[in-house]
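**Student:** Sequence:
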Amino acid sequence: MLITVLLSLVFAVAPPAGDIVVDSRQTFEEAIAGTSAPDSIVRMLTLVDVEYYSFDGRLHRGQIVIHREAADDIRQIFREIKARRFPVQSAIPIKFDRPDNGTSMDTLNNTYGFHYRPKTTFRTARLSAHAYGRAIDINPFRNPAVLRNGRIIPACRQYDPQVPGTITATSFLVRYFRQLGWRWGGSWTSVKDYMHFEKH
Numbered sequence: 002m003l004i005t006v007l008l009s010l011v012f013a014v015a016p017p018a019g020d021i022v023v024d025s026r027q028t029f030e031e032a033i034a035g036t037s038a039p040d041s042i043v044r045m046l047t048l049v050d051v052e053y054y055s056f057d058g059r060l061h062r063g064q065i066v067i068h069r070e071a072a073d074d075i076r077q078i079f080r081e082i083k084a085r086r087f088p089v090q091s092a093i094p095i096k097f098d099r100p101d102n103g104t105s106m107d108t109l110n111n112t113y114g115f116h117y118r119p120k121t122t123f124r125t126a127r128l129s130a131h132a133y134g135r136a137i138d139i140n141p142f143r144n145p146a147v148l149r150n151g152r153i154i155p156a157c158r159q160y161d162p163q164v165p166g167t168i169t170a171t172s173f174l175v176r177y178f179r180q181l182g183w184r185w186g187g188s189w190t191s192v193k194d195y196m197h198f199e200k201h
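Start counting at 1 in the sequence shown, then tack on 1, and there's your number in my numbering.
If a hint is listed, it holds; no wrong ones were tucked in.
25 Å max Cα-Cα, derived DMTMM-like pairs, lysine to aspartate or glutamate:
1) K120 with E199
2) K83 with D57
3) K83 with D161
4) K200 with E81
5) K96 with E52
6) K83 with D24
7) K96 with D50
8) K83 with D50
9) K96 with E70
10) K96 with D40
11) K96 with E31
12) K200 with D40
13) K83 with E52
14) K83 with D73
15) K96 with D24
16) K200 with E52
Ranges between beta-carbon positions, derived for each pair:
17) P165 with E30: 33 to 41 Å
18) R80 with V22: 14 to 22 Å
19) R44 with D20: 33 to 41 Å
20) V164 with F29: 28 to 36 Å
21) S41 with K83: 30 to 38 Å
22) S37 with R179: 26 to 34 Å
23) D40 with E81: 32 to 40 Å
24) A34 with G151: 32 to 40 Å
25) F56 with H201: 30 to 38 Å
Calculated directly from the structure, the hints in this document are not laboratory data.
Glycine residues also receive a C-beta, built at the ideal position from the N, C-alpha and C atoms.
Work out the full structure, taking the sequences as your base and the hints as a guide.
**Tutor:** In structure tokens:
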């Protein structure tokens with residue numbers, strides 16, 4: 002009788018594993034398919050599984066392609082994101098080198114790491130930190146980049162610190178990333194890239 006009662010309490014509190022919404026379940030090869038990044042970069046990348054509460058209030062599971070040296074940082078950060086229920090829309094690897102493909106900030110409020118491309122916030126051919134897997138963008142729709150000329154990336158988005166999922170200077174995310182040696186784009190002077198964190 003006691004065992005039956007205890008089991009009923011466990012199942013009443015713990016949601017079944019099937020309640021997790023899977024946003025991405027790929028192999029490493031699938032996650033980097035289509036990239037033109039050289040092998041010297043690809044060899045340094047890894048695929049990290051992460052969990053987070055999305056804007057629907059449900060627990061989601063996604064994936065981040067990141068540099069091997071940053072993988073443990075990302076795991077720690079997402080454990081904190083999950084524990085604090087900071088909402089993340091999705092975490093789906095970007096498969097192509099275009100900034101406007103189907104899993105990018107232009108079409109989805111998607112969090113991602115590796116993306117082999119030049120810097121989009123500066124007029125330069127220099128590769129972005131994303132191209133080496135040393136950067137992550139979080140909730141681009143809520144945390145857009147604001148350029149010096151007033152252009153906003155993604156277009157038609159607005160930075161409102163009062164909206165859930167937005168990153169501010171006093172956010173635990175900024176403090177946590179900095180403790181691990183990352184820089185936040187929201188503290189830059191030439192551009193405010195609120196979604197962006199990088200570590201060299």
